[in-house]
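One-letter residues, chain by chain:
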Amino acid sequence: MEKVDEIIARYNGDRSALISILQDIQAEYNWLPREVLTEVAKKMGLSLTELCGTVTFYRSFRLKPRGKHLITVCMGTACHVRGAPRVLEELEKKLKTSAGATTPDRLFTLETVRCLGACALGPIVVLGDEYHGQMTKAKVDALLSEVRQSERGASQ
Amino acid sequence: MRRIAGRRDLEKLRIQLLKQTPSSRPCITISSGTCGRARGSEKVGQAFREALRKHGLDGKVTIRVSGCHGFCQAEPHVLVHPEGIFYQRLRPEDAEEIVVQTLLHGRIIDRLLYVDPATGKKSVYEGEIPFYKRQQRNLLASNALLDPTSIDDYIAIGGYTALAKALTTMRPEEVIEEIKRSGLRGRGGAGFPTGIKWELCRRSPGDQKYVICNADEGDPGAYMDRSLLEGNPHSVIEGMIIGAYAIGASYGFIYVRAEYPLAVKHVGIALEQAREYGLLGEDILASGFDFDLKVVRGAGAFVCGEETALMASIEGRKGEPRQRPPFPVQKGLWGKPTNINNVETWANVPLIINRGAEWYASIGTERSKGTKIFSLVGKINNTGLVEVPMGITLKEIIYDIGGGIPKGKKFKAVQTGGPSGGCIPAELLDLPVDYEKLAEAGSMMGSGGMVVMDEDTCMVDVARYFLDFLRDESCGKCLSCREGTQRMFEILTAITEGRGKEGDLELLEELALVVKETSMCGLGQTAPNPVLSTLRHFRDEYEAHIKYKRCPAAVCKELISSPCQHICPIGTEVPVYVALIAQGRFAEALEVIRKDNPLPSVCGRVCHHPCEAKCRAGEGGEPIAIRALKRFATDYGLREGLEPQPSRGPGREEKVAVIGSGPAGLSCAAELAKLGYPVTVFEALPVAGGMLAVGIPEYRLPKRILQADIRAIESLGVEIKTNTALGREITLDGLFAQGYKAIFIAIGAHKSLKLGLPGEEAEGVLPAMDFLTAVNLGKKVQLGPRVGIIGGGNAAVDAARVARRLLRDGEVTIIYRRTRAEMPAYPEEVEAALEEGIAIEFLAAPVEILSSNGKLEGVKLVRMELGEVDETGRRRPIPIPGSEFTLELDTLIAAIGEEPEIPFQDGQVRVSKWKTIEVDPETFATGRPGVFAGGDVVSGPGTVIEAIAAGKVAAQSIDSYLRGLPLTREYRLTRPSVYIPPVELSEEEVIQARRPAMPLLRPEERASNFKEVELGLTEEQAIKEARRCLRCDLETKEGKAAISGRAVEAGRA
Amino acid sequence: MNGMITLRINGLDVQVEEGTTLLEAARFLGFKIPTLCYHEGLSPYGACRLCIVEIGEGKRARLVSSCTYPAEEGLVVRTHSERVIRARKMLVELMLSIAPNSKTIQDLASELGVQQVRFEVRNEECILCGLCVRMCAEQMDARAIGFVGRGQERRITTPFDMKSEACRTCGGCIYICPVCQLRCQGPEAPSAVCGSCLQLEPTCLEAYDDLMCYMGPAGVCGTCIRPVPDELRERERTKVKV
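Residue numbers (my numbering), protein chains in the order written: chain A, 1 to 156; chain B, 1 to 1053; chain C, 1 to 242.
What the hints contain is simulated information worked out from the structure, not anything from laboratory work.
Being a predicted model, the structure only gives us computed values, none of them experimental.
Don't take every hint at face value.
Unchecked claim - With a cut-off of at most 30 Å between alpha-carbon atoms, the simulated DSBU-like pairs for lysine-lysine come out as follows: (1) K501(B) / K89(C); (2) K12(B) / K294(B); (3) K139(A) / K410(B).
Unchecked claim - Here are a few chain C residues that face chain A, going by a calculated C-beta distance under 8 Å: (4) R143; (5) G146; (6) F147; (7) G149; (8) P159; (9) Y175.
Even for Gly, the Cβ is constructed at its ideal location relative to N, Cα and C.
I would like the entire structure built from these sequences, with the hints used as guidance.
Structure, rendered in structure tokens:
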């Protein structure tokens, strides 16, 4: 828990910096485990109930570990009008999981976001740091096969 | 870096920076906001650096990595200074070419220039590009002039001079007065007058005051704030310092949503640099004023764009809004007076201070001043950020700047204001954009997102989408917002799935009003807007979903099953027969086609395939060649001699008369015969088929093909009597007297419209229909050698191609008053005409027909130019005065349209002013009991498949009528009658599959004969194309269940 | 100023101390405003929206929750305008669709004349009024339960849905819950609206000298919930009162 204490100290334990503190902790641990949250509540003098309320209020906080590859589909209006729901469906079908969930092999987490602000590229899928624009069903298949291939290559 | 000591010191620094990097020095600016980077601008930048190094230009040419310039469509793009040359859609390989060709040799690289999709014109310089020309980029232009990670760049272009002016020469009250007089209003959405807000905050008692920049830009489709923060963060910072000074705040926050990592990064860098220069912190510019800023990241909650929720978030709590009063300017962060403004509002402040309130107030309308940045996205050619003065019309933004709708689709609505706003339809496109006018139309300005929607967007689906968004983002505290949005969503979902019922719309409106009035915060109060505005402007679309089970845009999956089947006027089970072809089961495919279509071979040749326009495979690829596949199946049937085996119903007594043997009449007859009725079809001409026989030329629809379908109909027991005309050999009363119990009038629209020009009576002027009919009936026609055809539809092109074949030598010219893009004729036909050597004179209209001694000599034409866009989305052609010219002709064919000719007068059968017969739109019954009408005589010139549909519906109505049943129609969800298991495609096949080009007779081989031009797909091509079908029918719940084995046969829902 | 504020409620002027809410002021005057998530001993929350009143005049008139809105000098308030009644009815209709088995909500429906529920009934039994949360935090000082999630996912629970160390099993949350407080068998589907209890006509008095359904499920015998026949009503009316 030293990391947690360090991060809290970085913000001087300031109550109003709670969200930034949680963001930094999540960046460190990849998600927000229960023990970590309990520690934060204790160190910052917050009721655990209130902390849970805050953490579950914001979408960017994850209470479950994330898969290795994060695939985000933009569901903004411009992307919607250009066919994003079908791209999402194809991903759900191919990954056999639903939006917000992680595949059982912990390889992929599929999420949606309500507009990344890159509407000229719509429909967009973000894989890690890379933006992939003008997605179609065919391109989804190509993208997943690329990732799977690189995984196979890495494990060999 | 050292502290800037004061105003003069700042000026000194600016001059020094300009000397170091004079604007005359060559510079390559790479647009590199988030979009640019997503498209590879960083690699392009890298390539430029290497290329400059390689050619020894390192140090002589500046490379500037700027933020977004707003023209997202063209990313990655660069500007070459000082000329201002614009190169777009670059790949890393292009960098070296630009360095060598343009920088070293001063040559322009043609292929990298911007091309206007409407006119084909290329633009060399940024200022020439239509997208930029109509904008007034007071805020955004700076993005191209600086590297956002360099405060020096900002200072060099005059940055922070407004701050210096305000701090050293103006009192806080004077600053507020200036902002008030400028008329600046909040750019975040509500449009509250900024100066007044500042004044209220200043006047509120409090020892500590704050300013906040709301950069939580949550509206999907809006990203101008991101662009400003990424590309010019100092403009916002400067605005905030000035505002804080005016209000008396000592600390500020910039709240950026978590999804904008690059903006967070650039703002952070900018803050550090500003501190180093002493522009933030204590005693700024030696004025005695202390102020500092901090960046706070959002954590993924749209509601945090609401002021009170945002403040709660900064305080480290849940983003739950609270009631107002008290307002933030009275009690905000930690109970202290707080002024919150949007990014764009802050960015306007330095401009106003520097250039004055009068200047700012001179832009815009009476109550909405200044410029506004809109993000123009969706179904639009030029996606990007557009900065325009308030008061510009939506039409200008969408067509002149945005370049109109891609793929020639029809504009439907533009959604403004995000989830709090509404949709504005085509009729209101002349609306000037300002706060009040948009609110009056049922929408709002919002943050400036403008999502353009076309005919393929379903407005019910859009309303549902926004409610899905809002119920997800609602904080959930108020019952009205939380439950209200959920229930509205449920009702809309039911409607889009075909479960809508009577009373749903009234309930929706009632609920919407309560949610609007009783919710505590802006999210709930504006949540019903998308629903209310779509109900206001597109109510018929909702009713189509509920009453007729139709989604006109072919989007709502559970309602439509597959868009092709749904949009087909007769509901042809396209996915079924395509799936059967994919498996080589051609005879079964033919059966499926024949089941619903009494003229299948004809349609396989000439249907205008609305199915292909909605085909999902066409969204980012090419639609399936559905018509070609239908033709393949019907040709297979003809080759193998597969005669149709339809079953006739039990014999009925009542005789029915069908007048007209075109597609409407023949279908009605076939349908009635299948139901067991004795039918006689009366045809005025010597041959049966109507337009199919006399309008469409042989090379498009061979007579033997038409005959095959007609024979099949006759084999049902239908009797066809030719040379029998209504008003000549038969009359309505006469038919009833002869014992017919019902009559279907389907005499079509065969009379060509007159040109209405002086000299039209001259010999040599032919109406198109007369010409085509004569040729099709084998009569001799006096023609040419110089033939002109006025018109741009299929009749015109048909006439031209027929004339071409009849003339041994000579010229055939089509004269059309707009451009090729607007020609209503099928694109393949126009293409074929050009291949056959037919000339087309675009943008020309006839003014006078020249003749001497009663014989045609030529036609006087005037040049046209395209003016403003009209309600159909096409530009109106306007004659250019003084541009008349003459075309010498021997024959002039008038092909500008057709109308029906009603050869009878009947008190009960009403005829409209367009000479069409008026009928009940659902049952096709006329005013006279027992008399029905359909096809072109009712709709005016239409398509074959629509006429067939009319004939089939009329047959059902006639059947009900003859049985003494009420003439009501039942409407069902579209479903295939069987689910064929899908084929498995290999990954390679998926990636490589392409739509086949229809094999055509070579132009030389077509020259003077009437051989069929389209040759039909080979078996291999057909199977391969059929395999490309995405099988949308398997995506409904029923379809999925069918394939997973739980049910194989499925009835219509 | 001595901290007194004058405002006009339903045409009547009333003077209240600064800090008084519109709800308190209206009730002081005797006007009945329905509430659900309001409790005198707990801080006002403004979640159920039932207590809405119309403030202001003309185009600027709007609806606000009276339990949270502080009295303002010169404010014009209408507690029973057409807008208010229409809104309250819809709100109750929404509540019924969530928790039809709550007698409290059924009674509210009867009072307001709500006779239909046009939404699919969910039987969730929690309308997220937050009384239990505030009870636990403010009265019992335990803070064992709170809101988690947002929008449709919002619910009340202990941290991580696990047994809370802070919970002293005092039962305060159950006590204060308007849904649990008075439960009833509820109506038969599909109407989700009952109206029995408040429309009782004590016809059984004739035979039993008592209202037989005092604490048990009201209307079980079926007598009371039938509209009283006119002849019986007439007989009652003309009977000589002893």
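For which of the previously enumerated hints does the structure constitute a violation, in increasing order of number? 9
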